[in-house]
Amino acid sequence: MGKAFDFTLILEFIPTLVKYLGITLEILFFSIILGILIGLVAAIPKIFKIPILKQLVTIYISFIRGTPIIIQLFLVYYGLPALFNLFHIDLSRVDALYFVIITYAISNGAIFAEIFRGAILAINSGQTEAAYTIGMTPSQNFRRIIFPQALRIAFPNIGNSVIGSLKDTSLAFTIGVMDMMGRGETLIASTAHALEVYISLSIIYYAIVIIIENIFKVYERYLNRYQPDEISAV
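Be aware that the sequence shown starts at 1, since it is given in full-length UniProt numbering, and climbs by one per residue.
Be aware that one or more of the hints could be misleading.
[As the list claims (entries may be wrong)] Capping the alpha-carbon separation at 27 Å, the derived lysine-lysine pairs in DSSO-like fashion look like this:
(1) 167 - 217
(2) 3 - 19
(3) 54 - 217
[To be verified] Here are the in silico distance ranges between beta carbons for each label pair:
(4) 53 - 11: 33 to 43 Å
(5) 215 - 192: 56 to 66 Å
(6) 40 - 214: 25 to 35 Å
(7) 145 - 185: 30 to 40 Å
(8) 213 - 89: 26 to 36 Å
None of these hints come from the bench; they were simulated from the model. If you're wondering where the values come from, they're calculated on a predicted model, not measured in any experiment. No residue lacks a Cβ here, since even glycine has one placed at the ideal position from N, Cα and C.
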């Protein structure tokens, strides 16, 4: 059991924990950027039904969906060094932060692959045919016609994935990364005021989620600026 609840400690803990927010946001930012790149690459074999690659991507996505993120984190943290040891490459001194970013990038990549695949397939194929009739190349068609529309369709799901990934970063402390959650655990160990620490963390995470939600809402309205009012209002 912890010590008696002390509301004033929440006001003390929040500034202490916020100092480590940068690590949390760093994990989120780089894992999302890399995840988007992985997702775009992984979506291509499924969209164009490329033999073998399509099956490999399907297994990859299925595995990510079927396993908890914390298991994926330990697989990467312990698995990559073991794999590289086979080639006499020592990763023992690599900062755990990089393993966290790699894990979340791989996890996000599987999610984004399905988001992008669904968004691209939702676009009427007649638009591609029309683009070719006026002399556009496949790359021009994708860049000017397909991708902008797919981004608008996928954007709400991308926002939900970013928020989900932010909350998942709280597991980074399990392999020694000193982010907000990691700092919170040290505060609990030193003060025995677990409830106050978790309330402080929940306030910070909730505030960040609200900020991200509003940023995505603003940008979603921008993407939908040429859509009918009833679509933009959704």
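Hints, one by one, checked against the model:
no., hint, result
1, 167 - 217, "holds (19 Å)"
2, 3 - 19, "holds (25 Å)"
3, 54 - 217, "violated (34 Å)"
4, 53 - 11: 33 to 43 Å, "violated (54 Å)"
5, 215 - 192: 56 to 66 Å, "violated (37 Å)"
6, 40 - 214: 25 to 35 Å, "holds (26 Å)"
7, 145 - 185: 30 to 40 Å, "violated (49 Å)"
8, 213 - 89: 26 to 36 Å, "violated (42 Å)"
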